[in-house]
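Here's the letter readout for the chains.
There are 2 protein chains.
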Amino acid sequence: MIAKVTVMNEILEKALLYDFYGELLTAHQKEVYEQFILEDLSLGEIAEMQGISRQGIHDLVKRCQKALEGYESKLHLVERFLSVREKVTEIQDILDECEKEKKDPRDIVKRIRDISDKIIEEL
Amino acid sequence: MIAKVTVMNEILEKALLYDFYGELLTAHQKEVYEQFILEDLSLGEIAEMQGISRQGIHDLVKRCQKALEGYESKLHLVERFLSVREKVTEIQDILDECEKEKKDPRDIVKRIRDISDKIIEEL
Numbered sequence: 082m083i084a085k086v087t088v089m090n091e092i093l094e095k096a097l098l099y100d101f102y103g104e105l106l107t108a109h110q111k112e113v114y115e116q117f118i119l120e121d122l123s124l125g126e127i128a129e130m131q132g133i134s135r136q137g138i139h140d141l142v143k144r145c146q147k148a149l150e151g152y153e154s155k156l157h158l159v160e161r162f163l164s165v166r167e168k169v170t171e172i173q174d175i176l177d178e179c180e181k182e183k184k185d186p187r188d189i190v191k192r193i194r195d196i197s198d199k200i201i202e203e204l
Numbered sequence: 082m083i084a085k086v087t088v089m090n091e092i093l094e095k096a097l098l099y100d101f102y103g104e105l106l107t108a109h110q111k112e113v114y115e116q117f118i119l120e121d122l123s124l125g126e127i128a129e130m131q132g133i134s135r136q137g138i139h140d141l142v143k144r145c146q147k148a149l150e151g152y153e154s155k156l157h158l159v160e161r162f163l164s165v166r167e168k169v170t171e172i173q174d175i176l177d178e179c180e181k182e183k184k185d186p187r188d189i190v191k192r193i194r195d196i197s198d199k200i201i202e203e204l
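Going line by line, the protein sequences match chains G and A. Take the first sequence: its letters are residues 82 to 204, numbered as in my numbering. Take the second sequence: its letters are residues 82 to 204, numbered as in my numbering.
Source of the hints: derived by calculation from the structure; they are not laboratory data. Check the hints yourself; a few may be wrong.
Same chains, same names: a pair is fine if it fits in one copy or spans any two.
Only pairs whose alpha carbons sit at most 25 Å apart, straight line, appear in this in silico PhoX-like list of lysine-lysine [said to hold, decoys possible]:
#	residue 1	residue 2
1	Lys143	Lys199
2	Lys147	Lys199
3	Lys181	Lys111
4	Lys168	Lys143
5	Lys95	Lys143
6	Lys95	Lys111
7	Lys168	Lys191
8	Lys147	Lys168
9	Lys199	Lys168
10	Lys191	Lys111
What you are looking at is a predicted structure, and each value in this text was computed from that prediction instead of being measured.
With the rest of the complex left out, here is chain G (with noise of 0.2 Å):
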């Protein structure tokens, strides 16, 4: 189960990278990254609609891969959105717990303020 939440976060990991990055690649690059990641073809499926070898593919997806996290590592934007996120989603989980538990929505506002401060201090 480990194993499959792994690949599953280092697939969504690459589209997220793909969805900030994407368009400073070349477009041959993108027809053939959107093709591996995000339609999920084979290498060889690949290799044989683009009319290159299987290594050719795979060396260009490795090209893209590098590129993209290259990116990341320089510009941290994909880190900042998800804890910018993250936080949002607190913020949601508070206006659930208020709604449901019938709690007195005066303790709410310091707990949103507080959150949408640290948001703010990221941005």
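Let chain G serve as the given structure and place chain A on it in line with the hints.
Relative to the frame of chain G, chain A by itself:
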């Protein structure tokens, strides 16, 4: 006054672009661009410090600006961040309103949820 605001916005915009994409410039470009944008030195002053002609500094700064604007036109990450920041500020305004006007805080739950949903959609 409008002219002053426009100039200030242009400086802020350049600083934001540099904050997001500056790490993609070379070390030398970064050094010169920081002297120009963040330290607010003149082209002549930078030229003297760097031992390059004023025209050389001018061209380098223009190239940096073009590169940073090119990243934003492809990735739109500054735009995404500004939009999220605007929405988090809206949440904080609602909290202020709630505290100052002693409104029933239950009213705010729905409004904050709507805004936080929109933020999540954008991230």
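Hints and how they fare:
{"no.": "1", "hint": "Lys143 to Lys199", "verdict": "neither (36 Å within a copy, 35 Å between copies)"}
{"no.": "2", "hint": "Lys147 to Lys199", "verdict": "neither (31 Å within a copy, 32 Å between copies)"}
{"no.": "3", "hint": "Lys181 to Lys111", "verdict": "neither (45 Å within a copy, 52 Å between copies)"}
{"no.": "4", "hint": "Lys168 to Lys143", "verdict": "neither (33 Å within a copy, 38 Å between copies)"}
{"no.": "5", "hint": "Lys95 to Lys143", "verdict": "within (12 Å within a copy, 33 Å between copies)"}
{"no.": "6", "hint": "Lys95 to Lys111", "verdict": "within (13 Å within a copy, 29 Å between copies)"}
{"no.": "7", "hint": "Lys168 to Lys191", "verdict": "both (14 Å within a copy, 18 Å between copies)"}
{"no.": "8", "hint": "Lys147 to Lys168", "verdict": "neither (29 Å within a copy, 34 Å between copies)"}
{"no.": "9", "hint": "Lys199 to Lys168", "verdict": "both (8 Å within a copy, 14 Å between copies)"}
{"no.": "10", "hint": "Lys191 to Lys111", "verdict": "neither (45 Å within a copy, 40 Å between copies)"}
The structure fails hints 1, 2, 3, 4, 8, 10 (numbered hints given earlier, in ascending order).
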